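Following the hints, position chain B against chain A.
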Amino acid sequence: MTEFLLAAAGFILLTVAVGLVRILAGPANVDRTMAAQLLGTGGIASLLLVAAATGARGAEDVALGLALLAAFASVAFVNSASPSHDDDQEQADR
Amino acid sequence: MSVADLFSVAAISGGLFFFLAGTVGLLRFPDSLTRLHALTKADNLGLGLVVLGLLPHAGGLLGSLKLVAVWLLVLLGSATVAQIIAHALRHREPSP
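Chains as they are written, first to last, in the working numbering: chain A, 1 to 94; chain B, 1 to 96.
Isolated chain A (complex conformation) (with noise of 0.2 Å):
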C-alpha cells in the first residue's frame, strides 16, 4: 500500500510539473497564476498521500498551509492586477 500511496503521489506531482508549462505559454499573466493554483492543489493531494504513506502527520498541516497560501496567492493577484478604483466605482453602483 505505502508503494502505491508513494507513486500516486509521484503521479500528481508529474500532471502538476507538466501543467507549468502553461507559466511558459501564457499567454495572459492569469493563465500563470492558474497554473501555480494548480500546483498548490496537486502539492496538497501528494502532501496528504506522502503523510499516509510515511506516517509522518506533520505533512498534513503543511497541506492546510498550502491550502491557506494558494487562495491567498491569487486574491493578491486578482487585487494586484484589477485597478482599485474600478473596484471602488462598483461597489458605489451597487
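Quick caveat, the hints were computed from the structure, so don't treat them as lab data.
A portion of the hints provided could be inaccurate.
Simulated coverage check for chain A against chain B, where a stretch passes if three residues somewhere in it have a Cβ under 8 Å from a Cβ of chain B [to be verified]:
hint: 1; region: 8-16
hint: 2; region: 46-58
hint: 3; region: 63-70
If the Cβ cut is set under 7 Å, some of the chain A residues that face chain B in the computed set are [what the hints assert, rightly or not]:
hint: 4; residue: G19
hint: 5; residue: D31
hint: 6; residue: M34
hint: 7; residue: T41
Here the structure is a predicted model, which is why all the values come from computation and not from measurement.
The beta carbon of each residue, even a glycine, is placed where N, CA and C say it ideally should be.
Same frame as chain A, now just chain B:
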C-alpha cells in the same frame, strides 16, 4: 489486500484520473475562462477522491476529520478564487 485497501486504490486512482484531466484541460482548452473551469473543478474533484481514498488510513476519527477539513478548505478557497478571477477577466475583456 483488505477491502479498505481496495477501496483506497479505487478512489485514489479515480482522483489521479481527474488530476490528469485538470492538467490536460489547462493545457488544451482555448481560452482563459475554459481553463479556469478545468482547473477549479476537475482538480478539486481529484483531491476529494484522494481524500476519500485516504480516509481508511487516516488513523482514527480526528485524522479523518482533518483530511476532510483540508478538502473543505480547498473547496471554499477554490470556489472563491474561480469567482474572483472570472470576475476580473470579464471586467477586463467584455464578452462580445
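Results for each hint:
Counting residues of the region 8-16 of chain A whose beta carbon lies closer than 8 Å to any beta carbon of chain B gives 5, which reaches the threshold of three, so the coverage claim holds. Chain B is given as covering the region 46-58 of chain A, and this holds because 4 residues of the stretch bring a CB closer than 8 Å to a CB of that chain, at least three being needed. Counting residues of the region 63-70 of chain A whose C-beta sits closer than 8 Å to any C-beta of chain B gives 5, which meets the bar of three, so the coverage hint holds. Here the hint on A/G19 is kept, as its CB sits about 4 Å from the closest CB of chain B, short of 7 Å.
With 7 Å as the threshold, the beta carbon of A/D31 comes within range of chain B, its nearest partner Cβ sitting at about 6 Å, so the hint holds. Because the closest C-beta pair between A/M34 and chain B is about 5 Å apart, less than 7 Å, the hint holds. Here the hint on A/T41 is kept, as its CB sits about 4 Å from the closest CB of chain B, short of 7 Å.
Comparing the model with each numbered hint stated earlier shows that all of them hold.
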